[in-house]
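Novice: Just so you know, UniProt numbering puts the end of the sequence shown at 81, numbered straight through with nothing missing.
I should point out that these hints are in silico values taken from the structure, not numbers from a laboratory.
C-beta: ideal position from N, C-alpha, C; glycine also.
Honestly, I wouldn't trust all of these hints.
[Unchecked claim] Pairs of lysine-lysine residues, derived as BS3-like cross-links and limited to a Cα-Cα distance of at most 25 Å, are as follows:
(1) K32 - K22
(2) K55 - K45
(3) K23 - K45
(4) K32 - K50
(5) K55 - K28
(6) K50 - K28
(7) K55 - K22
(8) K32 - K45
(9) K50 - K22
(10) K23 - K55
[Stated by the list, open to error] Computed Cβ-Cβ distance ranges for the label pairs, DEER-style:
(11) C80 - W20: 17 to 27 Å
(12) E38 - F4: 34 to 44 Å
(13) P7 - T74: 17 to 27 Å
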Amino acid sequence: MADFDIPSFLEEYQRYPCLWFKKDVNYKLRHKRDAAEEALLDFTKLQTVKELRQKMRSIRCTYNQSRLTLLVVTQSHTLCS
1 MADFDIPSFL EEYQRYPCLW FKKDVNYKLR HKRDAAEEAL LDFTKLQTVK
51 ELRQKMRSIR CTYNQSRLTL LVVTQSHTLC S
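Model the full assembly from the supplied sequences, consistent with the hints where possible.
Specialist: Following this line, the structure appears as structure tokens:
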């Protein structure tokens with residue numbers, strides 16, 4: 001999995017708002033979400049939907065951690081100024 005291209009994956013993932021945009025009309029339609037996940041599986045060459053969901057969760061978690069770290073550093077820098 002060392003050759004997983006995150007930027008390309010995110011560009012492809014963005015094409016399926018039913019997976020991430022809660023206001024999308026297809027967000028609550030399981031069959032639409034399943035179809036989008038299957039398309040992403042083909043794109044990523046991952047083996048299972050479970051692996052795909054773990055990868056999405058991992059990327060989201062890493063992003064949120066980085067964002068929080070940046071926020072904390074920015075706030076502490078502002079307080080020290």
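Novice: Hints first: check each against the structure and report whether it holds.
Specialist: Right, here's what the structure says about each hint:
1. K32 - K22: The given pair, whose Cα atoms are some 13 Å apart, holds under the 25 Å limit.
2. K55 - K45: It holds: about 12 Å lies between the C-alpha atoms, which stays within 25 Å.
3. K23 - K45: Violated - the C-alpha atoms of K45 and K23 are around 29 Å apart, more than 25 Å.
4. K32 - K50: Measuring from Cα to Cα gives roughly 17 Å; hence the hint holds.
5. K55 - K28: This hinted pair holds, its Cα atoms lying about 21 Å apart.
6. K50 - K28: holds, 19 Å
7. K55 - K22: Distance ~20 Å between K55 and K22 Cα, so the pair holds.
8. K32 - K45: Judged against 25 Å, a Cα distance of about 20 Å means the pair holds.
9. K50 - K22: Holds, because 21 Å separates the two Cα atoms, which is no more than 25 Å.
10. K23 - K55: holds, 23 Å
11. C80 - W20: 17 to 27 Å: violated, 36 Å
12. E38 - F4: 34 to 44 Å: Violated - the Cβ-Cβ distance for E38 and F4, about 18 Å, lies outside 34 to 44 Å.
13. P7 - T74: 17 to 27 Å: holds, 24 Å
Hints 3, 11 and 12, counting from the list given before, are not met by this structure.
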